[in-house]
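J.: The listed protein sequences derive, respectively, from chains C and W. With the working numbering applied, the first sequence covers 118 to 402. With the working numbering applied, the second sequence covers 619 to 773.
It is possible that part of the hints are untrue.
Per label pair, the in silico range of CB-to-CB distance [unchecked claim]:
1. C:Asp144 - W:Gly759: 43 to 49 angstroms
2. W:Gly676 - C:Glu133: 43 to 49 angstroms
3. C:Ala356 - W:Asn629: 30 to 36 angstroms
4. C:Ala293 - W:Leu706: 50 to 56 angstroms
5. W:Asn629 - C:Asp237: 31 to 37 angstroms
6. W:Ala701 - C:Asp144: 41 to 47 angstroms
7. C:Gly184 - W:Gly703: 54 to 60 angstroms
8. C:Tyr379 - W:Gly722: 38 to 44 angstroms
Computed footprint of chain W on chain C, listed as stretches where at least three residues anywhere in the stretch have a Cβ under 8 angstroms from a Cβ of chain W [as the list claims (entries may be wrong)]:
9. 121-130
10. 154-164
11. 168-174
If you are wondering where the hints come from, they were derived from the structure by calculation, not from laboratory data. Every residue, glycine too, gets a C-beta built ideally from N, C-alpha and C.
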Amino acid sequence: MISQEFDFEAPSALPEALALLARHGDDATLLSGGMSLMPMTTLGLVQPGMIISLNHIAELDYVREDGNELRIGALTRHADVAADPLIGAHAALLAEAASLIGDVQVRNRGTIGGSIAHADPAANYLPAMLALGARLRLQSEAGERSVEAKDFVKGIMTTAIETGEMLTEIAIPKLAAGTGCSYQRLVRVEGNFAIVIAAAITEPGRKAARVGLGNVAPGPVLVDVSGHLGNGLDDAALAAIGDAAFDAAAEAASDLAGDANYRREMARVFARRAVQSATDAADAG
Amino acid sequence: MMMAQFTVNLNVNGDDCSVSVEPQTTLLGVLRDQLGYNGVKAGCEEGDCGACAVLIDGKPVTSCLVLTASAEDKKITTIEGLADGWQLHPIQQAFVDNHGMQCGYCTPGAIIAAKGLLDENPKPSEGEVRQALSGNLCRCGSYGKMVKSVLAAAG
Ligand SMILES: Cc1cc2nc3c(=O)[nH]c(=O)nc-3n(C[C@H](O)[C@H](O)[C@H](O)COP(=O)(O)OP(=O)(O)OC[C@H]3O[C@@H](n4cnc5c(N)ncnc54)[C@H](O)[C@@H]3O)c2cc1C
């Protein structure tokens, strides 16, 4: 039961939602899948004055191709991201990230936009967004702008989204055919939030490789490991990739699932595993 | 402060109905307290346990995390909507035949999750059944027999 009281609006078109956001400013809280907002409201961690539900804005639920990019509407549910044929063909890393979120019930209701906006350090999408070089479209009544995924998170659960703005779309450059991807999570029990995430991409012919790390800093971290692939992934190369991940995880935090140093060591292990398996996949074409 | 009441139209187990709710009323609350579908169980109310799972437009969702006011025009199926009169649904019958429960509290949610799976994938592997039930906690620990029941229902 939710004991808090708040006002509620459920616009059915985007301009209407943006107008409501502009009118109510900081008092307004957007509701997408509610899979994070509702527990936080029940627990009293947030006190929304007004909730604006986006669930009836059909124009925010889509996946489409636009030249060399995929465009994904913010209201696309995790289950649809996981199963979408365009995402499977051109951004398989993202489909994998979505398929590993929580459980079926969460994936049927939670949305990609809500997850990214929520910016939980342990959440699945952001490390993949960094590796994929995604751009996030933020709209307000006054206009719109585009923010690189790598510049989006400003601190723990704090993002570039300003009062009056809404995340409406995620744009992802299509991966070249033959790109290797690997998404690796350290979890105690499948379906839990990850302790450490490593999402890696190796471009065909080993032209470049990078790995997005999750839950090893207040926000996701991108590590470019292209320089280590030259001689094949020998032990020295893997050790160097591990060291780079360990260094990138310097701001790791401690919690019940593991202390900061354990997280840094696991960043080392999981980054190596992810880059190894992405590179094997790229080599296999 | 009295908040506005919303009139929300739903279709529950095939019946159209209209409910009057406050903004903070969850779908779980409306189904149990206003409509009397007490087969929908309240558990953790944080989306973890799956006891409150219902089908929304055919897909399992935790009703504790859905605001009723955001569910206008949705088609809801609760455990009560599965049987045909006194004739249990094959998944329900399989849970009876295979002892897929002990105390029974998690059973409605688990059967709803199984229904969501079998509607999409009538012949799942054991791994797929385990995946599909992973959002339904059973504190008696009957998981093995729950999985067996779902596989039996799939035939
Ligand atoms: C049991 C359980 C297990 C989970 N496990 C995982 C997991 O393993 N990995 C993982 O990544 N996540 C996990 N989650 C979280 C899940 O992915 C949520 O769906 C996600 O964090 C939030 O998305 P939502 O659509 O539900 O957003 P909501 O809960 O509706 O909103 C979340 C926040 O984002 C804001 N917001 C929503 N939409 C927008 C928008 N378009 N623009 C700007 N701000 C917006 C809201 O105001 C709110 O502050 C889990 C959740 C549960 C309940």
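J.: All the hints need checking, so say for each whether the structure fits it.
T.: Evaluated hints:
About 46 angstroms separates the C-beta atoms of Asp144 (chain C) and Gly759 (chain W), a value consistent with the hinted range of 43 to 49 angstroms. For Gly676 (chain W) and Glu133 (chain C), the hinted distance range of 43 to 49 angstroms is not satisfied, since their beta carbons lie about 28 angstroms from each other. Against the hinted window of 30 to 36 angstroms, the Cβ-Cβ separation of Ala356 (chain C) and Asn629 (chain W) comes to about 60 angstroms, which falls outside the hint. At roughly 53 angstroms, the beta-carbon separation of Ala293 (chain C) and Leu706 (chain W) lies within the given 50 to 56 angstroms, and the hint holds.
Evaluation of the 31 to 37 angstroms hint for Asn629 (chain W) and Asp237 (chain C) yields a pass: the beta carbon distance comes to about 34 angstroms. Taken as a hint, the range 41 to 47 angstroms holds for the pair Ala701 (chain W) and Asp144 (chain C), whose Cβ atoms sit roughly 46 angstroms apart. Range check, Gly184 (chain C) to Gly703 (chain W): about 56 angstroms between beta-carbon atoms, so the 54 to 60 angstroms window is met. Distance hint check: the CB atoms of Tyr379 (chain C) and Gly722 (chain W) are about 40 angstroms apart, consistent with the given range 38 to 44 angstroms.
A stretch counts as covered by a chain when three or more of its residues have a beta carbon under 8 angstroms from one of that chain; for the region 121-130 of chain C and chain W the count is 6, and the coverage holds. Check on the region 154-164 of chain C: 5 of its residues sit with their Cβ under 8 angstroms from a Cβ of chain W, so the three-residue criterion for coverage holds. With 4 residues bearing a CB less than 8 angstroms from a CB of chain W, the region 168-174 of chain C meets the requirement of three and the coverage assertion stands.
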